[in-house]
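> Residue numbers (this note's numbering), protein chains in the order written: chain E, 1 to 329; chain F, 1 to 336.
Calculated from the structure, these hints are not laboratory results. Check each hint, because a few of them may be wrong.
As the list claims (entries may be wrong) - Short, incomplete list of chain F residues facing chain E, as computed with Cβ under 8 Å:
1. 67
2. 70
3. 106
4. 107
5. 118
6. 120
7. 136
8. 141
9. 162
10. 334
Claimed, not checked - Just so you have them, the derived chain F footprint on chain E, three or more residues with Cβ under 8 Å:
11. 95-109
12. 244-254
13. 296-306
Please read all numbers here as calculations on a predicted model, not as lab measurements. Heads up, the beta-carbon is just placed ideally off N, CA and C, and yes, glycines get one too.
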Amino acid sequence: MAVMTYREALNLALREEMRRDPRVFVMGEEVGLYEGAYKVTQGLLKEFGPRRVVDTPIAESGFTGIGIGAAMLGLRPVVEMMTFNFALLALDQIVNSAAKMYYMSGGQFNVPIVIRGPGGPAAQLAAQHSQSMETYFYHVPGLKVVRPTTPMDAKGLLKSAIRDPNPVIFIEAETLYPVKGEVPEDPDFVIPLGRAVVRREGTDVTVIAYMGMMYRAIEVADELAKEGISVELVDPRTLRPMDVETIIGSVRKTHRVVVVEAGAGFAGMGSEISAFVTEHAFDDLDAPVERVTGANAPMPYARNLEKLKTPTKDKIAAAIRRVCNANGS
Amino acid sequence: MAKTMPERRGSAVLGVDAELARKLLHDMLLIRRFEEKAAEAYTLGKVGGFLHLYIGEEAVAVGATSVLRPDDCAISAYREHGHCLAKGADPRRVMAELFGRRDGLSKGKGGSMHLFDRSVNFLGGHAIVGAHLPLAAGAAFAIKYEGRDAVIVCYFGDGAVPQGEFHESLNLAALWKLPVIYLCENNRYAMGTSTDRALAQTEIWKFGQTYGIPSEKVDGMDVLAVREVVGRAVARTRQDKTPSLIEADTYRYRGHSMRDPAGAVYRTKEEVEREKQRDPIVMFRERALRAGVVTEADVRAIEKDVNDRIDEAVAFADASPEPPDEWLFTDIYKED
Chain E
1 MAVMTYREAL NLALREEMRR DPRVFVMGEE VGLYEGAYKV TQGLLKEFGP RRVVDTPIAE
61 SGFTGIGIGA AMLGLRPVVE MMTFNFALLA LDQIVNSAAK MYYMSGGQFN VPIVIRGPGG
121 PAAQLAAQHS QSMETYFYHV PGLKVVRPTT PMDAKGLLKS AIRDPNPVIF IEAETLYPVK
181 GEVPEDPDFV IPLGRAVVRR EGTDVTVIAY MGMMYRAIEV ADELAKEGIS VELVDPRTLR
241 PMDVETIIGS VRKTHRVVVV EAGAGFAGMG SEISAFVTEH AFDDLDAPVE RVTGANAPMP
301 YARNLEKLKT PTKDKIAAAI RRVCNANGS
Chain F
1 MAKTMPERRG SAVLGVDAEL ARKLLHDMLL IRRFEEKAAE AYTLGKVGGF LHLYIGEEAV
61 AVGATSVLRP DDCAISAYRE HGHCLAKGAD PRRVMAELFG RRDGLSKGKG GSMHLFDRSV
121 NFLGGHAIVG AHLPLAAGAA FAIKYEGRDA VIVCYFGDGA VPQGEFHESL NLAALWKLPV
181 IYLCENNRYA MGTSTDRALA QTEIWKFGQT YGIPSEKVDG MDVLAVREVV GRAVARTRQD
241 KTPSLIEADT YRYRGHSMRD PAGAVYRTKE EVEREKQRDP IVMFRERALR AGVVTEADVR
301 AIEKDVNDRI DEAVAFADAS PEPPDEWLFT DIYKED
């Protein structure tokens, strides 16, 4: 194990996979000479050269389509979105070309591409640069969607995503890039897609969260432990395919569920989890599933409004207390 | 009695030998008859959804494909039956795909707009206008990345030209010197919108000049002219790894799709009849006959063979079962 930042873990995953497989190449805005807008691709141009580290102009639909076309002929592109907000410009390529190619060609052309970059709420970046983007993708059959919370997950999941023969949407978070954690240095270390992880065992309530919301939930769990509430923390890691089994297993143990998500709640990840928990484990529930989500508003710039938009620790704690009936009601 | 000049005849005059002349005629006729049968099958309810016919434009696909190698790729939009057949796909499996049957090229899951045939390097029918232009550049990127000397021909209509992806693709293909030939089939109408209502610059080939791409216009009704111009582009692209842009002036006789009967609203019957006077198949056949490169007997043999193959295709498609229910969930994700 080595201690490194989330950013370094991603960088190491890219290097290892590029060393392992000559078909892997990196493409995107400022990934080469500039070494990445967030320095995730730092040093790659020097090690692998311009053939495999390709700087693009600002043309998301164009270069994403190029990545998909290259993947159809067997290359393994890793396309960086400088931020995932810009992926909307390539949404048609991702949804109509990448996700469906294998199906509509009757299994002739798979698209082994990774589209990665930071997404989710950040600090005062306002409406167009601070939003949860996963909802736009996890609805689509044919895509896999990953949201890695820790440096270890970032490395292990990115390596799996690159090796996967299908299109993988891999959304990081700029707020997590400097976060440090233990990361296996073994180049064969991977984390399979589609497997959730129980980050903390508990008995009273299952809290499902990922990315920044997981870190918040950990702090809340620490505080509530002092009140005698034992929180089990489950991180889906891959949103599509979702590890329903692990989540249901936890619900059967705790009988109470709180889903935390940064995005606006309507038709969000919390809605989906709430639905399948109801379908699979209704009889196990001792309380309705609670959702703590971002407010149904675009992201505002002003600090106070931004905080109102966001699921805070207080909101998470309140929801946990409600389902645990710990408010004395 | 004045001495008359002998009529100029022979392969040297036509520019292609007898075998190739017969093939060009055969392939154009095969597409024409295939499309006529597809239209018939549509009216019988055997083909569903949208059906976009290529009738009138055959010289473009056949002329272009005739200068390609088997390892060269082709990709197209949703009016792609002709491109797919020209590239060498089995008409039986193409027809079965239109019928939504299990023996179709895409197992019946793609339909008329999503024909794919990896065995002949046909990278698909794509039905979002403009979206396959970056895919073509991507395939060219892969070819170059692997150090091969193949090329890809990307067919698209005039309707794709106002899309951003046309311009993004031309820019990136030129910037990165990708071996792709963009071949615009200008049939003058994007659905019902004529080029002069859609484009500030209706000379589409000129857009290539802006991006520093060798560009030319060709009579898309003349299979030999298409052959010559695309052949030049393919040689240049293959050697220099630079893209090319070709605008083929062509015309579709039928409506945009089967739901647009002959396109009566946005163009006149007189215009359609006038355009049919330069029919690519009739013109080439007469020219080849005059040159003595093919004979009337050759033409009859070709017609018979084509009719037989199309009848066979329909019979094959009719006999092919529907895809089994469990195929709904196959081919969504590839296993390792």
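> Are the hints correct? Go through all of them and say.
Results of checking the hints against the structure:
1. Evaluation of the residue 67 of chain F hint against chain E yields a violated restraint, the C-beta minimum of about 21 Å exceeding 8 Å.
2. Below 8 Å, beta-carbon pairs count as interface contacts, and residue 70 of chain F has none with chain E, the closest being about 15 Å; its hint is therefore violated.
3. Hint on residue 106 of chain F holds. Least Cβ distance to chain E is approximately 4 Å, under the 8 Å limit.
4. Residue-level restraint check for residue 107 of chain F holds (minimum Cβ-Cβ distance to chain E is 3 Å; threshold 8 Å).
5. This hint holds: residue 118 of chain F has a C-beta 4 Å from the nearest C-beta of chain E, less than the 8 Å allowed.
6. For residue 120 of chain F, the suggested interface contact is broken, since its CB lies about 11 Å from the closest CB of chain E, more than 8 Å.
7. Hint status for residue 136 of chain F: holds, given a least beta-carbon distance of 6 Å to chain E, under 8 Å.
8. At its closest, the beta carbon of residue 141 of chain F sits 5 Å from a beta carbon of chain E; the interface hint therefore holds under the 8 Å criterion.
9. At its closest, the beta carbon of residue 162 of chain F sits 14 Å from a beta carbon of chain E; the interface hint therefore is violated under the 8 Å criterion.
10. Taken as an interface hint, residue 334 of chain F checks out: its beta carbon lies about 4 Å from the nearest beta carbon of chain E, inside 8 Å.
11. For the segment 95-109 of chain E, the stated coverage by chain F holds: 11 residues have a C-beta nearer than 8 Å to a C-beta of that chain, and at least 3 were required.
12. With 0 residues having a beta carbon nearer than 8 Å to a beta carbon of chain F, the segment 244-254 of chain E misses the requirement of three or more and the stated coverage is violated.
13. As drawn, the segment 296-306 of chain E meets chain F at 0 residues by the rule of a beta-carbon pair under 8 Å; below three, the given contact is violated.
Hints 1, 2, 6, 9, 12, 13 from the list above are not met by this structure, while the remaining hints are.
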